[in-house]
Every structure is written in C-alpha cells, then in structure tokens.
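Asker: Each chain is listed here by its residues.
There are 4 protein chains.
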Amino acid sequence: MSNPVNRPVKIVVLGTGRIGKMHAEMLARQVNETELVGVFDVFADSALAVAADLGVPAFASLEAALAADADAVCIATSTDTHVEVMKAAAAAGKHIFCEKPISLDVVMVDDGLAAVEAAGVMLQIGFNRRFDPSHKAVADAVIAGQVGSPHLVKITSRDPAPPPISYIEVSGGIFNDMTIHDFDMARYVSQSDVVEVYATGAVLVTHANGAITQIDNSRQAVYGYDQRVEVFGSGGMVASENPGVTTTILRTATGSAGSVVPHFFIERYAQSYLDQWRAFAGAVQSGGPSPVSGADGRAPLVIGMAAARSLAENRPVRIDEIDS
Amino acid sequence: MSNPVNRPVKIVVLGTGRIGKMHAEMLARQVNETELVGVFDVFADSALAVAADLGVPAFASLEAALAADADAVCIATSTDTHVEVMKAAAAAGKHIFCEKPISLDVVMVDDGLAAVEAAGVMLQIGFNRRFDPSHKAVADAVIAGQVGSPHLVKITSRDPAPPPISYIEVSGGIFNDMTIHDFDMARYVSQSDVVEVYATGAVLVTHANGAITQIDNSRQAVYGYDQRVEVFGSGGMVASENPGVTTTILRTATGSAGSVVPHFFIERYAQSYLDQWRAFAGAVQSGGPSPVSGADGRAPLVIGMAAARSLAENRPVRIDEIDS
Amino acid sequence: MSNPVNRPVKIVVLGTGRIGKMHAEMLARQVNETELVGVFDVFADSALAVAADLGVPAFASLEAALAADADAVCIATSTDTHVEVMKAAAAAGKHIFCEKPISLDVVMVDDGLAAVEAAGVMLQIGFNRRFDPSHKAVADAVIAGQVGSPHLVKITSRDPAPPPISYIEVSGGIFNDMTIHDFDMARYVSQSDVVEVYATGAVLVTHANGAITQIDNSRQAVYGYDQRVEVFGSGGMVASENPGVTTTILRTATGSAGSVVPHFFIERYAQSYLDQWRAFAGAVQSGGPSPVSGADGRAPLVIGMAAARSLAENRPVRIDEIDS
Amino acid sequence: MSNPVNRPVKIVVLGTGRIGKMHAEMLARQVNETELVGVFDVFADSALAVAADLGVPAFASLEAALAADADAVCIATSTDTHVEVMKAAAAAGKHIFCEKPISLDVVMVDDGLAAVEAAGVMLQIGFNRRFDPSHKAVADAVIAGQVGSPHLVKITSRDPAPPPISYIEVSGGIFNDMTIHDFDMARYVSQSDVVEVYATGAVLVTHANGAITQIDNSRQAVYGYDQRVEVFGSGGMVASENPGVTTTILRTATGSAGSVVPHFFIERYAQSYLDQWRAFAGAVQSGGPSPVSGADGRAPLVIGMAAARSLAENRPVRIDEIDS
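Residue numbers (our numbering), protein chains in the order written: chain Z, 856 to 1179; chain B, 856 to 1179; chain U, 856 to 1179; chain A, 856 to 1179.
Hint data in this document are derived by calculation from the structure and do not stem from the laboratory. One thing to keep in mind: the hints can contain errors.
Note: identical chains are not told apart, hence a pair may lie in one copy or across any two.
[Claimed, not checked] SDA-like cross-link-like pairs, simulated, lysine to any residue; straight-line CA separation at most 25 Å:
#, residue 1, residue 2
1, Lys-955, Gln-1001
2, Lys-865, Thr-1055
3, Lys-865, Leu-909
4, Lys-865, Arg-884
5, Lys-955, Gly-1142
6, Lys-955, Arg-1083
7, Lys-865, Val-911
8, Lys-942, Phe-1120
9, Lys-865, Gln-885
10, Lys-942, Asp-1178
11, Lys-865, Glu-880
12, Lys-942, Ala-969
Looking at chain Z on its own, in the form it has when it is part of the complex:
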C-alpha cells in the first residue's frame, strides 16, 4: 500500500501524557525497528521534559511536528482530539498509530477513517492486547484450526482497582473505557464479526459465525489484574491463563500457596506494547496492510453502543439496530 522502507521507521509522538510518554520511550530505546524523531504536546512543559529525557526535539506546534522528517505519527492525545489529529496527519502523508478509542462518536470515526483512506496511509489502532503472547497464541491456535470451528469464547477482564471518578466521568462509560478491549478480543479470537449483544452485569455477544462470547468485567479484583481468554470449538479448546509474578509454590501443613497475579496492565502487557510497535514498523517497512485496521477500531465502538442500549432496555440488541 505504500513504498517499503529499508531502515528503522521514523516516528513522531503526539501527546506526551502517561501513555504517550511510554510510547516515546519504547520507540526511542526499546524497539530496534523504530526511531523517535521528536515529540509534541499542547502542554509544552510535558513535551520538553520527555524530549530532554530521550534526547529528541520537542516541536512547538502540531504543524511543526507533522512537517518533521518522519514516516509516521503516534496519536496519544486526548480522545476527543484523535480524529482531528488523524486527519491532519493523513493530509501530511504520515502513517498513523492511533490509541483507542478512535473517538466516542461513530460519525467522527467514519470521518477520520475516510481521510485515512483518501490519503492512502496505513492506520493501526492501539489494541495492544492482540499482541500479548498468550492471547495471541490463543488466536493463532484458532486461525490454525487447532480447535475447529469456534463455538464459545470466554473473556475475563478485571481491573485491580477502579480509576478516579474524574476519569470515569469522561471515559464514555465502562463499555468504552474497559469492555472495548474485550469486544476487540472477541472479534480477534473468534475471527468473526458481532451481530448481537446482551448486556446486564455481564455481556453475551453473538457472532456472525454462530459463536457466542461471554465477557465478564470488574473494576475491582482485589487479587490483581485478571486477564484470561478461552476459545472452545469443535476440535478442542485453547486458553490463556494469568501469569504469576513468581512461579514459587509454598507447601505447608495447611495447603499450598502461590504468587499474586500482575498488579495492572503496565506489568502484564509490557511485552504486548513492544510487539505492537514491531508490528507497526513491519507494516510500514513492507508497505503491507495494517495489523489492526481502522475498521477494527470502529467495530468495538458500535458494539459498545449496542451494549449500552441492551443494558438500558434489558433486551438483546442487534448490531444492525445501531449501524445498518
């Protein structure tokens, strides 16, 4: 889709908040296939601090950042600015890595995706969990036919503690700030689009291929960050379990005791963040398709809208009610 690149991919990071800073550091230091060209943030002090730490320039404006000698941008600005920045980056001919969700407004999403398509640039959405080695091994087993036709998907996704109230107030609700990852995971491991959703304290999803996905979320699992995926099919089952912080087992007269699970996503998904950048760089270098397309970014948003309606009306809601 674009000209192959025979060197590390040059990337500008837009937005240097918590997640943008993490991306910048990975691009600069941990991913050999990328080179950090510079950073930009509307809060100049934030950008300057990150830039100084990593030895790259901080651009004075979005325009300056997009004018830099770079192949691609990482959009890690606030969610409500994603589409605007995406359109500007596409117009500047940059390949785009965009944090999820693209937007909370599906009309805006379509606007952004149209701009990307018109510009012919590659867009990858930051569904990093697809790159977790254990979840990826689940999907790979499904794709390889090792469990036959998928019949059932079970996704457990529980946070150790709720985010601040201030975050929840603007996040667009649990379906947008938390379950969105699971909607994407359901599509990824079942290899099938979603046709209907029923949401109550848990979520049941019906896929186009007849598979069912059960999702359970919690904002407070006191024992840590619980992240598991299972696919059951006509030929068997495959499942990813939580790793322990250690592998140590203690046996005494009262039983056996083992490790806690990882505390939260930074610890659990560290590898996935690196691997999604490697996939991005590979797609830019080869001119190949996006590993996680704009359509992949749009679908969970629509599923979340159906889930919200289902919860409000206590009935199953078909996706084509929302998005016909």
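Put chains B, U and A on the given structure of chain Z with help from the hints.
Answerer: For chains B, U and A alone, coordinates are given in the frame of chain Z:
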C-alpha cells in the same frame, strides 16, 4: 426432624438401571455408613441380577419393598415415576433419596414435596456435583466469606459426546438433562436464588443478591469432560479446575504436553457419589435437615422453564413470570 | 509360560493384616478379572473376620489354603515368612503375587526365586508404584523414546509422618522399608540396572547405561505424601507431579492458595493397587511373563545393602562389591 | 560502611563485551537508581560504540576511567583481569560490582578481597540469580521460617545448548562456568555454608547445618533453559518452577499442550539483572553491607575445587581438605 439412628442406615434401592445399580453397589460395599437392605425394579430380571451380585433380596413389588425393615429408600426409577414412588415412600414413613429431576412437571413436583412434608420424612435430591470435593471447596470458600460478596459465577459444563438421540427425545431438553446441574450449582455456590434468566447459545442468570452466573454447555467437547466452577466476589475469587487423568508433563523441543481430562462423569464424579450418600446417612442418623432439599430440586426445574422461554423468545425472562 | 486362563483368576490371600485385607477386598469386589477364593492367616480370628465380610471361606491352615481350587496366591504374611510361603505355594503349582520385600536376606531371596523357577509358576512382586498412572506415564514416555537416552532421574519420596518406632526396629532400616520403592522406581523408569550407590542424607545412584538417579526421602513431610518422579534425557524430560486433593484455587489480595496433597499411600496409590492386580490377572490369563519379576524384587534389596554400606563408610559403593 | 548517597549512583562500566554492554544499557536506561558515567574497554572500538549508543564518554584508559567522577565501577572485563582491576578500583575508592567468578585462582581471590577490605569499599558479586523473583521467594520463605529447618535443597540448572568449545576450553570447567551459580544458590537458599561435596554425574553437597543439596546440570536440555530450586524442611517445602513463554494451554482429543520454557538466561533472568543493580544502588546509597559479598564470591570457587577433586577421585571431599 426425625429420630436419630445409631447404626448404618438401612436403605432399599428402587430401580436397578444403570444409576440405581451404581447406588446399590455403593450402599452395599463402599459406604460404611449405609446398609443395602434389598432392591426392586419393575423389570424383575434386572433386580434379581443386582440382588444376586450384592447378596441381598430382590423384592417382588414396590409394596413389598416399602414394607421392608429399612430407614430409607433410594428412588432411581424412570423420571416419570419419581413422584408416584416418592408419595408411596413418604406414606410408608421412609426417608427418601431421589434422583434428579424430581419430575419434568412442576405441578407434580409440588404434589410430591407436599406429601414428603406431610409425612415428616427427610428428602435429599441427587445433585451429586455439590459433593465434588473441588466444587464443594468453592462453595465452602464463598460460605466462609473468603471471596466476600459474590459478584459473578462462571460454570463450564461440557460433555465429551452427545447422548443417544433416543435419550434426547425424552429428556425434556438440554436445560433438563444437562443444564439442570448447572442451575443447581449456580444456586449452591452463589448462595442465592435466581430471579432472571437469559438463554441463547449460552446462559446468563441473575441472582436475587445481584450476582450474575454465566453458564456454558456443550454436548461435545472432544478433549473430554470439562467441569469447572468459578466465583468472583468483592474479596477475591475461587475456582475449581479439571483434574488430569495423570499429573505427568512431557517437555520436548516443541513445548510441553500433559494429560487428558477425565472421560466422563463416572470417572470425574466418583467421589461425589460416595460423599452424597455419606451426607444422606449423616442426616438420617442425626435427624438433621436434608443436605439438598426438595426446594433445591424444584428450583432448577423452574429456571429451566424460564431458560426455554428465553431461548424461544430471545429475551430475558424473570422467574416470577413462570412461578409467581 | 503357563496355560492361559479364560475366566477371572482364582486367588487365595495369605495373611489378612492391613495390606492383606486390602488385597482381599480388591480381589473380591473391585477387580473384575479376579475372584477371591478364600483367605488364611495364622491369627484365625483375623482371617475369619475378613472371610465373613467378603463371603468367602477362611482356611484352617496354609496347607488347606494351598490345596484350594485356585490359580494363584497373594502372599501378604509377615516379611520373614515370605520365602517359606513362596516355596510352599510354588510346590503347589500356584502363581504367586508377593508383597515386597521378598526377604531382608538375599540368600533367602535366591532360595525362593529358585523354587519359583523350578516350579515354572509366575511370580509378581508388589511394587505397586509402577502401576501409578502418572509414574507409569513417565516410564512409558522413556520406553517410547520420547525423552531420548535417559541422563538423570530424580525421585522424591517423602512420607507425611514416621511409622511407629516398633515398626522401624524390625523394618530393616529406611533403605528396606522406604527407599526400596525408589530403588525399584529408578530401575523401572531408567530401564537400566544399577552399578553404584552413594548414600548420605540423600542417595545418588549410577546406572549401567550411565544415567544417574537422585533420590531424596523424608519420614516427615508435614504437608503430606510427596511422590514425584522425573526423567531427563537427550530428547527432553518427563515428570509426574503430586495430585491435589482438590483442584480448587483461591485468589485473594495476599496471593493464591491451593489444595493439600494426598495424605498417604492409601489415598495416593489407590488406583495403582487395582492396576497391579489387573496386570497380575492378565499375566496369568495369557500365560505371559510377570510384569514385576523376582529379579525385580531382588535388585532393590542388593542396592539397599550397598546404600547401607555407603552410608556407614561415606564412600560410593559398587553393586558388585555386594553381589558379584 | 560508607557515606550514604542521596541521588542515583554514578557508575563506570569496565569491559564492554556482551555482558558489560548489557550492564551499561541497564544502568543508563532501565535502572532509575543508577547513572552511567562512562565506559572503558581495552578494545577502544567496542567502548566507543557502546558509548555513542548510550550518549556517554568512552575513557581512553583504565586510569582515566577510575579518575572519573563516579561512586562505583562495574567490572565486566575478562575473568583473568578481575582481581587486577578490582585492586585498582579499590585503591581509587570506588565501590565495586564484579562479575563472577572473581578469579579461577583462590589465592588471587584472597588478594583481591584483601584490597577491597583495606580500602573499605563495598563489593557485590554478580550472582544475579539470587535476585530472580521466584528463587528469591524461595530464599525469603526459608529465611522467614516458613519451611522450618532446611533438610534438603534441590537445584536443577540445565542449559539449552552447550557453549562453543573455545569457551569451554578456558572456562575452568563446568564447575566454574555453570555449577558455580548452583553452589551459590545452595548457600543462599539453605542459609548455610558447605562442608562436603560428592560429584559424579550429579552433585551432592553437605551443609554445615546438616542440610543436603542435590544439584543436577546439563549442557543440553533440548526443551529450553530449565531452572528450578526447591527447599524441603521441617515445616514444609517451597519451590520455584520454570515460567512458560506463554500461559496458553491447548486441549484436544489427544491431551493438553502448553508453552515452551524461556530459551536461555537473557530471557529468563532479565528481571534479576535489573534487580541486582537496584540492590547494588541501594547498598551504595545507604552505606549498607553488600547484598552478595566477596566471601559469597569466594565460597563457590572452593566448592568447585572440591567437586573437581571428588569427580577425579570418586569419593566425597570435605571443603576443609581444600581450604583449611
């Protein structure tokens, strides 16, 4: 509730088909707390064979069986005769162990339970999975408050292969022949009655205490009999896993390989069948309450009716629609 | 080696102490391939009680027991009488199952084995752990070449609590009452004879094929009966782990907690006791070779003698020092 | 022992081969508690390349490196130069992190340790495995008394593939290049010095507190890097297992399949390398004692000498034969 008994409990087995024969052998040989007094079956040859093998008399009629010097009966006749036999046994003053389901007709169930109550005998329903040591440890942890308030229950219950078509035709459907165990398990481990059900390819159950239960069933898990229960609550989570047939692990250059799971319920739940008899004998001996009451036998039947309606109409169905 | 038998194998149990009573019950009730013909014990009351419970005759003398219509005997008398009884049974043309150790005296052992060989009967030694499904799967993987040439064997064998002092005084020492099982396991899973032993607080065994076995024993593992076997070879490794009493895991803020291990050998090795009888019956029925031969019974005794000398002299001792 | 430091610890890395380069990168970028001041190598090109990559100076000589404004040095030069560099660094008043082994010559070791002691600087030996979270949890459980008095230690340490012949020729033999880590681990988790060694195809170690350690090594475990530690004591047992590369399990009709283990030490022990630097920085900052002292570096060398003599003479060798 009745006079305590200071010796092994004397029991007559009614019905000597596959499951009745298993009970008779356990009562005669494997459970020290019970004594098999004799057996009866409308197919006299079946009863005679079992009686000869175990060294006990085969009674010539139900009346003769109920007139024997016994404390209790085990009802393992065909489902459609359970209530009739239950009423006769209650009238004869016998404590009753009855295989599940009590009946496929809730009016019949109520008729039987009323007779039991009037007679003042103890009735235990054969939900043996409550006595599986691993599932029981899940329930015990919930009861002990080790996971706080239950928020979510996950039950996986998959058979290795479907039963014969002839069985499915008279079983009353998957909710009565298979999911009924899971409805009971949901009530048992959540310690809460059910208020609403939504059934599609999987089942979502809402409990009176606000907990949600997810159930997934399959009639054909090619890797064996998959039986797992998990409870997540405000204070943690507790889960039972499948045991392996062996504990052996093989590691080679291509990965690690482990055991198959138990083939089916006879292998997996052997211990639970013995333990439910020990519980029965204990209740008779102590004059204590039933470990699994008639109400426990009735509830899953009603839940199954709600599930069937939910599946037919693709909407959540409240229990009080069925049973107000 | 003898005439095949096309029916359950008829067996007389000699010795009705704890282990003999267990064998009698299994033969009578749990193993379809065998039939218990009667029992004998020098303590007539013991034999009468077991006989009454199982509905078989108690013989008045060893001679009467050996004259019964039986294919085989089970020798579960006290260790010091094993060889004498074995010779009488062989002279009577009975196939023989003999509890280990055959004798604490290797000259006596050779005397007994010569009588067995002269009579042309089949002799199986009661090394039941060979029939544990998990350990057997280890041996099977080795035999099938799945781990290549064995280089190292690791055997953990720890009892939950010491036996009574009275037992230890006559047992012949830890190498005869406990490690003997592990010496046999080492030969079984390595598929190689032993050439040298070094014993201190643990035991190192050198095999003829160059493999090394590490054995660790304890008379008091407060967390239960710990029984594990591992074989490492040129092509990989295979290991059996302890099963849990349950599979239940509890996760709370402080970590995860699991089940205790089985308390002792009755719980852990129940299946192996049944399977060794099935193997015995199969060998009698087919006229095939013994699954655990007299030589297999003799070898660990000699290894134990070498181990005792090694411990006394704090040096490695070759088997041919003891048994050239 | 020295003045506390209230800022990141300034460190010069001496030697920029494979392991030195890894340390330099960690100190510069991954460990917040340290600051890389510069690097030196006798091969100037190697030092220049690492220095350019990390944005620090490459010193022209050892003298220049030791004259830099730094609190400490990391000695990652070739083993035969360790003691000479250590003495120079001690004379320059630098705290010292030294890769193991200190030297293959115990007289040289004592020479170096004397210089360190005379200078009053802190010396930490690079036994990184002590900092592996899982092995450390084993030691912590022992130290906390959770397994009572240690009776037995089992250490499995198997490499996936042998090093080049050229390496083996100068490594000082398997006891110095491989088992040295396990000798240290034995002392660490048993919390006891070693008094006797017996080495054949495996190693048995007797500790001063009566505990026994079994060590098994292999240069070629085809299934990956196998690293496990177990301590059994009067109060229970504690063990570290191999982590999987993923946690994914696949179940099909033929059994269950899981992940490979980590390929080699870089993957398995990544966390331990970071944590040992954090421990070093903490000791320098607090003026506290070394987490892994010079004596800890010396002991395994002597144990290895005893092991070599034991192997050559096929007898147990007491440590005081070597080092009285």
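Asker: A separate judgement is required for each hint: does it hold in the structure or not?
Answerer: Consistency of the hints with the structure:
no., hint, verdict
1, Lys-955 <-> Gln-1001, "neither (30 Å within a copy, 36 Å between copies)"
2, Lys-865 <-> Thr-1055, "neither (45 Å within a copy, 49 Å between copies)"
3, Lys-865 <-> Leu-909, "both (15 Å within a copy, 19 Å between copies)"
4, Lys-865 <-> Arg-884, "both (13 Å within a copy, 21 Å between copies)"
5, Lys-955 <-> Gly-1142, "within (23 Å within a copy, 47 Å between copies)"
6, Lys-955 <-> Arg-1083, "within (20 Å within a copy, 34 Å between copies)"
7, Lys-865 <-> Val-911, "both (12 Å within a copy, 23 Å between copies)"
8, Lys-942 <-> Phe-1120, "neither (29 Å within a copy, 45 Å between copies)"
9, Lys-865 <-> Gln-885, "both (14 Å within a copy, 22 Å between copies)"
10, Lys-942 <-> Asp-1178, "within (23 Å within a copy, 58 Å between copies)"
11, Lys-865 <-> Glu-880, "both (14 Å within a copy, 22 Å between copies)"
12, Lys-942 <-> Ala-969, "within (9 Å within a copy, 68 Å between copies)"
Hints 1, 2, 8 from the list above are not met by this structure, while the remaining hints are.
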